[in-house]
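Q: Residue numbers (the numbering used here), protein chains in the order written: chain A, 7 to 132; chain B, 596 to 963.
Hints should not be assumed to be uniformly reliable.
[Stated by the list, open to error] Partner residues are not named here, just some residues of chain A that face chain B (Cβ under 10 Å, in silico): (1) Phe32; (2) Pro47; (3) Phe48; (4) Thr50; (5) Arg71; (6) Leu98; (7) Gly99; (8) Glu101; (9) Val104; (10) Asp106.
[What the hints assert, rightly or not] Short, incomplete list of chain A residues facing chain B, as computed with Cβ under 8 Å: (11) Lys10; (12) Gly24; (13) Arg36; (14) Ala39; (15) Arg102; (16) Gln103; (17) Gly130; (18) Arg131.
For the record, the hints were derived by calculation from the structure and aren't laboratory data. Values in this document were obtained by computation on a predicted structure and should not be read as measured data. All C-beta atoms in this analysis are idealised placements derived from N, C-alpha and C, irrespective of residue type, glycine included.
Residue-level listing of the chains:
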Amino acid sequence: MRGKAALMLVWGGVLLAGGAGAVLRFVVDRTVARRAARSFPFGTLTVNVSGAALLGLLGSLALNRHAALLADTAFIGSYTTFSTWMLETQRLGEERQVLDAVANVVASIVLGLAAALLGQWIAGRL
Amino acid sequence: MDRGPTVNQPCLKLTTYFGERQRVVTDHVRRPGFLADAMLDLFDTRELATSVMLRGIAGFGPRHILRTDESLSLSEDPPVAIAAVDVESKISGLVDDVVAMTGHGLVTLERARLVRGDDVLDVGNGDASKLTVYVGRQERIGGLPAYRAVCDLLYRQGFSGGAVILGVDGTAHGERYRAQFFSRNVNVPLMIISIGTAAQVSAAVAELSAAAPNPLMTVERVRLCKRGGELFARPHRLPDTDDQGRPLWQKLMVHTSEATGHGGVPIHRALVYRLLDSGMARGATVLRGIWGFHGDHKPHGDKLFQLTRRVPVVTIIIDTPEWIARTFDIVHELTAEHGVVTCEMVPAVVTRAGPDRHGDTELARHDY
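This is chain A alone, in the form it adopts within the complex (with noise of 0.2 Å):
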């Protein structure tokens, strides 16, 4: 019974931290973009890489598997997002802005390596 009430507590976690990430990315993603006003998708690009760097930070630091669960799949997970990501590429493409297409995909990686490398780095030295 006492496994039971934990797993319930654990999913209603899951819903929550992943309600706030989505919310968080949505916030963040707007606020950029607002600024930026340009073609390239400069707010799908900063959620994506501070996911990446906060990511490889969590990652590092050995969690419980719950915590883990929470931050890590349901917080961040929600809060980066692969989808959009393809999706604004696709479009830049379709408006012929081929090199902001290509340039989004090649600086998304790069970036995405380069900061959850940063977070492993920052998570070693705590």
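With chain A fixed as given, assemble chain B onto it according to the hints.
A: What follows is chain B alone, placed relative to chain A:
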């Protein structure tokens, strides 16, 4: 059924620009409905000859908040434009209701004429004309979808350009037609905006009236400023007010295509960002067409399987004469090689920003 005005009467075109997610301003309903719905309900009740709701792809207003379908987060509240045309008395009778229900947005009134084939159009003073045709989505003329038949005709007549913009709701001959997901949406109106000389417009009106049973068409006088990079004339430099002190406004329409770019970006995208950066524009709305033509390019649309878009796009900029003169410099620079730019006078503009209301619905008079 109300057949609408039967002769070439002076008409008014009422256009409202706002964010699609906006709800009606009212104090007696707890959860008011969407503004666009309420406005079309009003037009339905008053049996307007024609009205159409158009969904934009990008734009900003006086608050300089960018909305664009390029980004997922910035596309959740797209700009819409709702245009309605009928005789002066009918439009004047509902303008105040429209202004009252709009919380944030721009309401404009322009003089237009609803025309029929037997009307004699006075071929004006060398300025160009804007012919707008309203047909149903699935209506057919001579075995072709009506919008394609109309574009073919306008192209044959040598018009400078034409764009078909899909409506999602509207009225035609006093009847409401609203797009639904599970429906063929036969009569949901779409709008065909085209630019030609007065003579071309006269000929097209006669030919269209013969080809279609009861077409809805309006003619407005415009100045053709640019075509294909060539500058014909800058916008008229109008005074700030008419001789009665009523403010004058102007509207620039920039007709481009998804296929024409400036510095690697489609012209309409570059235009919105430049205008926003400049801080010299009160707003802009970009409408994307589904079919159209410009210059020597035959009428075309998008295909189901394609990598890049090539449909026409219309960018609308409404501002005071002084600001339009400055905005035109930006438009001029970005349309160095492509695009059709027209300018016209807007005799009444009301801006709503919450409790603030600027402008009047009384129409200014100015001969130019």
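Q: All the hints need checking, so say for each whether the structure fits it.
A: Here's how the hints hold up against the structure:
no., hint, verdict
1, Phe32, "holds, 6 Å"
2, Pro47, "holds, 6 Å"
3, Phe48, "holds, 9 Å"
4, Thr50, "holds, 7 Å"
5, Arg71, "violated, 32 Å"
6, Leu98, "holds, 8 Å"
7, Gly99, "holds, 6 Å"
8, Glu101, "holds, 5 Å"
9, Val104, "holds, 8 Å"
10, Asp106, "holds, 7 Å"
11, Lys10, "violated, 38 Å"
12, Gly24, "violated, 17 Å"
13, Arg36, "holds, 4 Å"
14, Ala39, "holds, 5 Å"
15, Arg102, "holds, 5 Å"
16, Gln103, "holds, 6 Å"
17, Gly130, "violated, 34 Å"
18, Arg131, "violated, 34 Å"
Of the hints listed earlier, those the structure fails to meet are numbers 5, 11, 12, 17, 18, in rising order.
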